[in-house]
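Trainee: Each chain, written out:
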Amino acid sequence: MRALMTKIAGDLRRRRLQFVIVALIVALATGVGTLAIELMAESSAPYMQAFQQYQGAHLMVIYQRARVTPAQLAATQRLPNVTASAGPWQAAYVPLEYGTQKNTVLVIARADPGGPVDKLHIVAGRWAGRPGEIVLTRSFAQSIGVSVGSQLKAVISPYLPVMRVVGEVTDIDEADAANFNPQFAWVQPGAFAQLLSPDKQSSVVILYRFQHAATDAELQQDNQEIAAVVPPSAIGGTISYLAVQRIINLTNTLAMTFLLAFSVFALGAAALIIANVVSGAVLTSHRDIGIIKALGFTPGQVIATFVGQMLLAALIGCLVGVPLGVLGSRPLVDSSATALGVPASTSGNLIAPLLATLGGLFVVTLAAWLPALRAGMLRPVDAIAQHVSSSSRRSTHARSFTQRLHQIHLPRPLTLGVNDAFARPIRSLLTIVAIIIGVATLVFASGLHSTFQVITNNRALFDKADVTISRYSSYPDSTLMRTLNEQPETKQVVAYTFFELNVAGLSNPVTTIAMRGDSGSLGFPMLAGRWFQGPGEAVGGASFVHEAHLAVGDTFTVTSNGHQITLRLVGEYFDFTNFGRDIRLDWSSYLQLDPAAQPTSYLVNLQPGANARAYSQRIAATAPDYLDVATSASSNAATATINALNGVLAVLVVILMAIAVAGVFNTLLLNARERMRDTATLKAIGMTPGQIIAMVVASACVLGVIGGIIGIPTGVWLHQSLLSLMSSAAGEELPSQFAQQAFNPLVLPLLALAGIAVAIIGAVLPAWMAAHDSVVEILRTE
Amino acid sequence: MSHLTDQHGHSTYLIELSNVNKTYNGSTDQVALSDITLKIPAGQFTAIMGASGSGKSTLLNLIAGLDRPTKGEVWVDGIRVNALGEAALARYRRKRLGFVFQFFNLLNQLSVLDNILLPAQLAGLQSKVAHQRARQLLDQLGITDKARVYPGQLSGGQRQRVAIARALINQPSVLLADEPTGALDSRSGDAVMELLAQINEKGQTIVLVTHDARLAAAYATRIISLRDGRIVDDSILQAPQHQAPSDLLHLHSEEAV
Ligand SMILES: Nc1ncnc2c1ncn2[C@@H]1O[C@H](COP(=O)(O)OP(=O)(O)O)[C@@H](O)[C@H]1O
Ligand SMILES: [Mg+2]
Numbered sequence: 001m002r003a004l005m006t007k008i009a010g011d012l013r014r015r016r017l018q019f020v021i022v023a024l025i026v027a028l029a030t031g032v033g034t035l036a037i038e039l040m041a042e043s044s045a046p047y048m049q050a051f052q053q054y055q056g057a058h059l060m061v062i063y064q065r066a067r068v069t070p071a072q073l074a075a076t077q078r079l080p081n082v083t084a085s086a087g088p089w090q091a092a093y094v095p096l097e098y099g100t101q102k103n104t105v106l107v108i109a110r111a112d113p114g115g116p117v118d119k120l121h122i123v124a125g126r127w128a129g130r131p132g133e134i135v136l137t138r139s140f141a142q143s144i145g146v147s148v149g150s151q152l153k154a155v156i157s158p159y160l161p162v163m164r165v166v167g168e169v170t171d172i173d174e175a176d177a178a179n180f181n182p183q184f185a186w187v188q189p190g191a192f193a194q195l196l197s198p199d200k201q202s203s204v205v206i207l208y209r210f211q212h213a214a215t216d217a218e219l220q221q222d223n224q225e226i227a228a229v230v231p232p233s234a235i236g237g238t239i240s241y242l243a244v245q246r247i248i249n250l251t252n253t254l255a256m257t258f259l260l261a262f263s264v265f266a267l268g269a270a271a272l273i274i275a276n277v278v279s280g281a282v283l284t285s286h287r288d289i290g291i292i293k294a295l296g297f298t299p300g301q302v303i304a305t306f307v308g309q310m311l312l313a314a315l316i317g318c319l320v321g322v323p324l325g326v327l328g329s330r331p332l333v334d335s336s337a338t339a340l341g342v343p344a345s346t347s348g349n350l351i352a353p354l355l356a357t358l359g360g361l362f363v364v365t366l367a368a369w370l371p372a373l374r375a376g377m378l379r380p381v382d383a384i385a386q387h388v389s390s391s392s393r394r395s396t397h398a399r400s401f402t403q404r405l406h407q408i409h410l411p412r413p414l415t416l417g418v419n420d421a422f423a424r425p426i427r428s429l430l431t432i433v434a435i436i437i438g439v440a441t442l443v444f445a446s447g448l449h450s451t452f453q454v455i456t457n458n459r460a461l462f463d464k465a466d467v468t469i470s471r472y473s474s475y476p477d478s479t480l481m482r483t484l485n486e487q488p489e490t491k492q493v494v495a496y497t498f499f500e501l502n503v504a505g506l507s508n509p510v511t512t513i514a515m516r517g518d519s520g521s522l523g524f525p526m527l528a529g530r531w532f533q534g535p536g537e538a539v540g541g542a543s544f545v546h547e548a549h550l551a552v553g554d555t556f557t558v559t560s561n562g563h564q565i566t567l568r569l570v571g572e573y574f575d576f577t578n579f580g581r582d583i584r585l586d587w588s589s590y591l592q593l594d595p596a597a598q599p600t601s602y603l604v605n606l607q608p609g610a611n612a613r614a615y616s617q618r619i620a621a622t623a624p625d626y627l628d629v630a631t632s633a634s635s636n637a638a639t640a641t642i643n644a645l646n647g648v649l650a651v652l653v654v655i656l657m658a659i660a661v662a663g664v665f666n667t668l669l670l671n672a673r674e675r676m677r678d679t680a681t682l683k684a685i686g687m688t689p690g691q692i693i694a695m696v697v698a699s700a701c702v703l704g705v706i707g708g709i710i711g712i713p714t715g716v717w718l719h720q721s722l723l724s725l726m727s728s729a730a731g732e733e734l735p736s737q738f739a740q741q742a743f744n745p746l747v748l749p750l751l752a753l754a755g756i757a758v759a760i761i762g763a764v765l766p767a768w769m770a771a772h773d774s775v776v777e778i779l780r781t782e
Numbered sequence: 001m002s003h004l005t006d007q008h009g010h011s012t013y014l015i016e017l018s019n020v021n022k023t024y025n026g027s028t029d030q031v032a033l034s035d036i037t038l039k040i041p042a043g044q045f046t047a048i049m050g051a052s053g054s055g056k057s058t059l060l061n062l063i064a065g066l067d068r069p070t071k072g073e074v075w076v077d078g079i080r081v082n083a084l085g086e087a088a089l090a091r092y093r094r095k096r097l098g099f100v101f102q103f104f105n106l107l108n109q110l111s112v113l114d115n116i117l118l119p120a121q122l123a124g125l126q127s128k129v130a131h132q133r134a135r136q137l138l139d140q141l142g143i144t145d146k147a148r149v150y151p152g153q154l155s156g157g158q159r160q161r162v163a164i165a166r167a168l169i170n171q172p173s174v175l176l177a178d179e180p181t182g183a184l185d186s187r188s189g190d191a192v193m194e195l196l197a198q199i200n201e202k203g204q205t206i207v208l209v210t211h212d213a214r215l216a217a218a219y220a221t222r223i224i225s226l227r228d229g230r231i232v233d234d235s236i237l238q239a240p241q242h243q244a245p246s247d248l249l250h251l252h253s254e255e256a257v
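Chains as they are written, first to last, in our numbering: chain F, 1 to 782; chain G, 1 to 257.
No lab work stands behind these hints, which were simulated from the structure alone. Given the structure is predicted, the values throughout are model-derived calculations rather than measurements. Glycine included, C-beta positions come from ideal geometry on N, C-alpha and C. Keep in mind that a hint or two might mislead.
As the list claims (entries may be wrong) - Pulled a few chain F residues facing chain G out of the computed Cβ check, cut under 10 Å: (1) Leu-606; (2) Ile-685; (3) Met-687.
Chain G with its partners taken away, still in its complex shape (with noise of 0.2 Å):
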């Protein structure tokens, strides 16, 4: 399969996937992904959809370096994914990812700004740099009262918010976000989903994975769904924010190659 290629010979997709299989070996080989190809250009804020159990997580996973594709071929801002060993996977989570989870996973013993200053440690960013990187996200999530604040005081609101800033400090490439909402209540779950709106607005790509197809439907440019592993339906939406599901224009997953 051949590559979509800029002149400098760079994929002019952000994230591409190929041919890629994923099986669990337990007792009995469980298939989490079958033969997924995928493009993902800059800029655009993905939903990717399906049941519990579809392999939702699993794609995600393979796309952030955390798992390994059984078969075929991860590539995300021109780096070979799977080709990476454990550090320097863990350094291009650092560089290139931000990873928002369900429950938040923030770190109980530091304080919100030390919480969002962590990746940024990690990385070796000047200490400067990254304080006012932090300042400007505090200010954007609309948590800068809460700095000194530790997660064990905050609503799971505010503590997603913390997770996004976190995310986000070392300006990634891509953010991802394995149900970010599916811990919070509804209205909580509607402002986290404005956020990452906004952000992508000013270029953020985004890939992020729900079951809640309305929270897709409002906020999502584009909708990946799948079923046992396998992309049905792969929807660009042309005016994102108050289009009803039933106006999505289909795109079948064979078709958007």
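Next up, chain F with everything else stripped away, as it sits in the complex (with noise of 0.2 Å):
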């Protein structure tokens, strides 16, 4: 043991430089690994620790009060599947003002914050007691930056009560306010009369538990039972809690998706490389393999050395890159739990960091286990024979290319280097694979870039457009038209609403919005058909396109209001909205099921060069206190998710092409030392140290352009499965526009030379060391 670890400490000293290789590259890889582990762990676990903390409920259902009895209401609540429920509550849509905002959320009537379902967590103030007061989320007080002591106007007519915070919470029931609207709110019972306009039709909410409730379908088994008991029209609209999930882990899905694959990938070139530097170590110690056998090694022992003086390097990788990938996951981590709003965990907890290392170390072992083996294997005689190196025996395939190279007039140098990069093939192709890896993470992550470009310069998708303007019901919509209808700046117009609509065969209600105006210019990516262009026309979404197995030129029928229609579909189109269980009709046909219906929602697109902030200042000034007026510019939770996800990427993206160059130059050190006698040889008779640099460089270059070519194809590959992988996490398709506008034809055979840059910054020490090694030292060491 003794005499081992002696071996080791005199080897790694020979070795130091390709000791600090292992270890940054170590560092490097377990530091993702660890980032993705704990992103995992941290993303999957606490909404359902916190689910089960709070009882949360696994379906809200809301219903229209007009349309259902207490006894019907009550009925429900003693299914057979229901372990536990909340309310009824009273509910109501409130629009909210604050400043110079305005922001819906459902105020909730609801005595305390405890009871068998949804407890509410209260992290600041109290519960609402006398009428005036109200409790907001946590959430949605910062989103418009109120605190508890603030006052909010109630904008309903024909007066504006003012409502006092005296609480936040944070409720398992909801997402963040970027990704979940409306926020809920709540009021005492007691205080709920004085929200309610006189026109406006109350809610009441009732949250439910089950028995089983794991899966959309379970849940939707659920839904169909409550359903049954309830008249036709009843049901207003249900939240379930795998839809809060799942838009809570989303972003974590998608970050985790390709952080998990890339610190795989990251691992996977670090064996590599490690695989090169223990077999370059074998090939030329054979001699001192010889000998320490000679001396009473046993095989085990000397795979022992090779393998010891990697895990050392790999140990020391691991101390700085697992702290480093904690310290990365901490920004990522706390801000889902703040949307959670539940604490983030401080704990440290140890599993990610232990099984990045583990895996770290395991990989590390591995790689170089295989090659020592060859080591372990070597007979001590043979060993101490063959000293002079064993060149030889080279491949008459690389001959002839070099002499083929060489008839097309490059300079000697080069053919020489290009010769060089093919003398230890198995060495050159790890250090290819490395390099594909590194340039497919660029071709990959500047595909993704773009393809979150495309979907957040889509505003249709946003529900964006140069102006935004959201109507409370009480200001006319003929108003507002001929308002916008006189401002010259004013190019375009499409108003909307959303509502939910029976579909017959479907169980639950469907949102739909009905668009008034040229709706198809806005651009909506279509998956299948086209835009719908008149009455009885419509576009789904693929989720419910899917659920009411319908297919382009069917029709199906729906009811709403207690009329009827017949609707075709024209189209399926992409959409956010519920996930893509939507459906989107022109106007003419809401007005069939709802003749007095106007829109709330403005999308205005002014003529070029107008000055929207002017313009949607002069818009709000007509009626300040029934109008929300926003400009594109406004900031928007998805480009703000995409910017934390596209510098995930660029760190990846550094991180992988530093495998790939640590790859390379690790390479050209194993070969210039192999090599030395020959390099001296040249400069003996007359090659120039530029020439020298010329031939490393080369060589490498080969390295390089193969790995370049080879890997934007597997860079666009997998964006392309990445893009699948999304819509199944998302639960839908991805329009193909998404996958063709990524990759600029012209653009990316440009990232081929990302390979060849990779390749020189490798190559550049080695090259420089080869160029001026002594050769009277190496030649008289022979």
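Put the two chains together into one complex; each comes in its own frame, and the hints tell you how they fit.
Mentor: This is the structure we're talking about:
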């Protein structure tokens, strides 16, 4: 054992540079690994934990109060599968005004924050008591910038009651305000009446927990049982905890999917390089191996000296990389915890660091053990005898290739370098794979970046236009439209409203958006068919189309408000709304269902060059209490998420490229060491330092070019597979245009240059060292 | 010290070392050469002799510009070698020098012909001319049939012939050889020395390091003996071919100036 340690220590001194490389790449790889595992653990576990702790509702059903009797509601709560329920509570959508902003919340009349379902966690203040007191979610309070003590105006005609914020809570049944709207707010039941405008119908909310609610299908079943007990049009809407969880997890799922994939790649690339280091070490120390074997080292001990060195380096790498990975995961983990309204776990869960460390060490051991096996098997006699380099066993392919290169009049140093690239085919292959991984990551990241760009640039998906306006029902649509049409900058107005539509054959109402104006020009991405053009036509989100078993061209029957019409599905389109479980149709169709309907939101696009800010201020001034006016410049939650993902991607690109550079560097170092004598000879017969550098860089460039060329299709393929993975995670197909527009065919080949760049950066130091090694020293020690 | 010069101001000697010192600074300063002054005219076949560690290789390396003197000047073919930069040294070696090593140092991945052509290619010699010269050298060294063969398939003696051909392809002013027979059996060694002598007869200046007195005496035209980094003996042989060492005309280094 002592002898083993001495041997390892001696070898380490000789191979310092390689030791550093191994430590570095292991640090990078385990860092990414830790980040991925940490995120995975944090994003799945806390929601379910908190869900149990706060007795979250599996299903929240919003009933239309006028269409259901208290007895019927009570019957739903006695269904055999219902294990617990809360409510019925009265509820109403109420616009709250604070300063210049207005946001609608669903105000629920609830006596206390406890109870058997959906315990609310008060993080500031207290529960609402007297009339005029309101409790908000912390996320909503933060998003509009209010805190306990702030005063809000409830915009209810004909008077505007003032509401004082007395408490902030976290609610397990909602996602954060950026992703989940409207948020809930609470008042005492006795104070609810003042929030009800005379024309407004109120709703009733019941929260349910079920025996079986693990999957969408089970929840669907539960939902159908409830629907069977109440009249057909009684259910105004439902919110499933799985949908909430999905919203919370979507961001993390995406980040995790590629983080996990790329930490595997990083570890794989690291393994390739380590295998190279060890097989290089075995090759150059054949004689040493023979000697120590002759001295009595067992094959196992010989293997252990090689694996031991790598493990030591890997351990140091883990010590650096794993803590960095933990630190790096904090911001992402914390942000998802805030969104959940649960405290971020600061306890320092050891699972991720431990798993990453063990994984890293395992991969390193494996990568080192395979080539070390060769050293263990070596017979001492052969090992000692085989002292002169065995490079004469060179494939004739490489020779004739070099010959051909020279025939096309490449300068001699370059052809020699190209030849060197293939001197050790397996080593070159492993290095090329490391470059492929680096370049593929770059290609992948650039593709994903443009895909994000295509998504965020599609304003229709985010209900955005140059100017967006929300109108409160007490202000007439006709007045607003007149105002808009009077403005010379107005180019186009698309108005719309949301409602729930009962579709024959489906138990749950489907979110439907009726649109007035040229909605086809907004540019929703189509998956199939075309946009609707007039009455009787509709387009459906993918999830709705699949659930209803419809194909483009099919007709289906819908009812709302006691009216029934038949719609033809003319297209399937992509939409974030309700995860694609939605329908869009023309305003004329909606009027058949509800002749008195008026749109509530307006997308206004302006003439080129118009000042959107001035325009929106002018419009808002016409009815400050009844209109919410925003410009497209105002921030958007999706953009923030995408920026965060882009940041993570950039880090990944840097790390995997760095590993590729380390791979090239290591390979050239090994090559240079083995060919030291040849290089010295070349210098002795008149090769200049510049020519030596050209030779070494050329050999690296061969690897870089091959890696770059293969890396591009690999990256494109990764991008396409991740997109399809993303769509299945989101439960929705992504439009092909997202994938198609990701890569510019003119720019794509340029990314191959990244492979060459990696090669050149990795080559600089070994080339310089080769050019400046002393000839005399090398030729003397033979 | 004044140099002997011809009317153009050039030294009449092809190689001229004046007061050359070489010290390797390791833990204890190792003096490899001390105060060497040496002049070699064109056309000589000089053998440098001495025990292991006496400084023979160091002397050759200084002439080749592979190493720099700690003190003193090295002139070869009118070039002040010790003043050249790395790239200039490489060009100097490529154009004016041929170097033959004890262990041949051929590039195993190149064929015999490509090994020989290599210095010509580095020097940018016209390919046609280079090939013509290579053919001629292969012929002269009796290895024409090995042109397409790889060094791994050659015997030691054959490899050394390839190395000599490689050293001569750029028609150097000086051919340097460090123990070219050291890795060969005595028959191949003799054959290689015979070849060098023939080349010398055609006017090629050769400086050769050997510790084999018999070979030196049999083929060289001048023998310089080193001990502990100093020239202890410098003899010009009248008729080198079949002289016994005892018949040599002795000339001490001081007297040679
Ligand atoms: N690079 C070096 N570093 C230190 N000492 C050296 C170096 N090269 C040669 N020497 C020393 O210089 C002396 C002369 O060496 P060398 O010229 O190689 O001798 P020879 O060729 O006659 O055997 C020896 O003592 C040797 O140990
Ligand atoms: Mg020597």
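Trainee: Leu-606 of chain F was flagged as interface toward chain G. Is the shortest Cβ-Cβ separation under 10 Å?
Mentor: 66 Å, violated
Trainee: Grab the minimum C-beta distance from Met-687 of chain F to chain G and call the hint holds if it beats 10 Å, violated otherwise.
Mentor: Hint holds; Met-687 of chain F Cβ to chain G Cβ min 6 Å, cut 10 Å.
Trainee: Classify the hint on Ile-685 of chain F as holds or violated, based on whether any CB of chain G lies nearer than 10 Å to its CB.
Mentor: 5 Å, holds
In summary, the one numbered hint that this structure violates is 1.
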